[in-house]
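Asker: Sequence:
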Amino acid sequence: MFEDDLKWPYLKTYFKQLSESDITEEKSNFTFKCMLCMPKIKLISTFISSDSNLKTHIKLKLSEVGKTVKNLSQTEFNKANLELIINTVSPFSLIEHPAFIKYCHLTLNKVPMSRSLMKKVHCSMIRFIN
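Quick note on this note's numbering: the sequence shown kicks off at 1 and runs consecutively.
Check before you lean on any hint, since a few could be wrong.
Said to hold, decoys possible - Distance windows between CB atoms, simulated:
1) I129 / C104: 50 to 58 angstroms
2) C37 / I126: 29 to 37 angstroms
3) T13 / S50: 15 to 23 angstroms
4) F47 / T13: 27 to 35 angstroms
5) F128 / L106: 19 to 27 angstroms
6) S28 / I86: 56 to 64 angstroms
7) E76 / K12: 30 to 38 angstroms
8) S50 / K79: 44 to 52 angstroms
9) L62 / N87: 31 to 39 angstroms
10) S28 / T75: 40 to 48 angstroms
As the list claims (entries may be wrong) - Here are the simulated PhoX-like cross-link-like pairs (lysine-lysine), alpha carbons at most 20 angstroms apart as the crow flies:
11) K42 / K59
12) K16 / K33
13) K16 / K61
14) K33 / K59
15) K79 / K61
16) K59 / K40
17) K40 / K12
18) K16 / K55
19) K40 / K79
20) K12 / K79
21) K33 / K61
22) K42 / K12
23) K61 / K42
24) K55 / K79
25) K79 / K59
26) K59 / K12
27) K42 / K16
28) K61 / K12
29) K40 / K102
These are computed hints drawn from the structure, not numbers from a lab. From a predicted model like this one, the values you see are computed outputs, not experimental measurements. Beta carbons are placed, not taken as given, at the ideal position from N, Cα and C, and that holds for glycine.
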């Protein structure tokens, strides 16, 4: 579907309309992809006559974004990188590695849960070794 054909054109900043379901007695929904959740794919289905699901998602997402983002000074960033390298006995090249850069972009200053993260690291290491 073209952007000009969006059911609610004022929402095109936040959503991309993916498909239009057949309008029958059983199905009368639109499916949208949230652009704020990128690179994660978040699909939202909404009834053909109501955009409340979309508006609710935007409100939740915007409030979440406001809470998680913290502007770091260059000094704080450098200090955090040094602590990471020193405390994990990692090479200095770690912070230049594409995987680390991707991780920084994806996390948006979120702190992973330590127990679940450690379990995943352990499983990944076992797969890597084998």
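Asker: Determine for every hint whether it applies to the structure shown.
Answerer: Going through the hints against the structure:
no., hint, verdict
1, I129 / C104: 50 to 58 angstroms, "violated (26 angstroms)"
2, C37 / I126: 29 to 37 angstroms, "holds (31 angstroms)"
3, T13 / S50: 15 to 23 angstroms, "holds (19 angstroms)"
4, F47 / T13: 27 to 35 angstroms, "violated (21 angstroms)"
5, F128 / L106: 19 to 27 angstroms, "holds (21 angstroms)"
6, S28 / I86: 56 to 64 angstroms, "holds (58 angstroms)"
7, E76 / K12: 30 to 38 angstroms, "holds (37 angstroms)"
8, S50 / K79: 44 to 52 angstroms, "holds (49 angstroms)"
9, L62 / N87: 31 to 39 angstroms, "holds (35 angstroms)"
10, S28 / T75: 40 to 48 angstroms, "violated (55 angstroms)"
11, K42 / K59, "holds (15 angstroms)"
12, K16 / K33, "holds (5 angstroms)"
13, K16 / K61, "holds (16 angstroms)"
14, K33 / K59, "holds (15 angstroms)"
15, K79 / K61, "violated (30 angstroms)"
16, K59 / K40, "holds (18 angstroms)"
17, K40 / K12, "holds (18 angstroms)"
18, K16 / K55, "holds (14 angstroms)"
19, K40 / K79, "violated (29 angstroms)"
20, K12 / K79, "violated (40 angstroms)"
21, K33 / K61, "holds (13 angstroms)"
22, K42 / K12, "holds (15 angstroms)"
23, K61 / K42, "holds (11 angstroms)"
24, K55 / K79, "violated (39 angstroms)"
25, K79 / K59, "violated (34 angstroms)"
26, K59 / K12, "holds (15 angstroms)"
27, K42 / K16, "holds (11 angstroms)"
28, K61 / K12, "holds (16 angstroms)"
29, K40 / K102, "holds (13 angstroms)"
Hints 1, 4, 10, 15, 19, 20, 24 and 25 from the list above are not met by this structure, while the remaining hints are.
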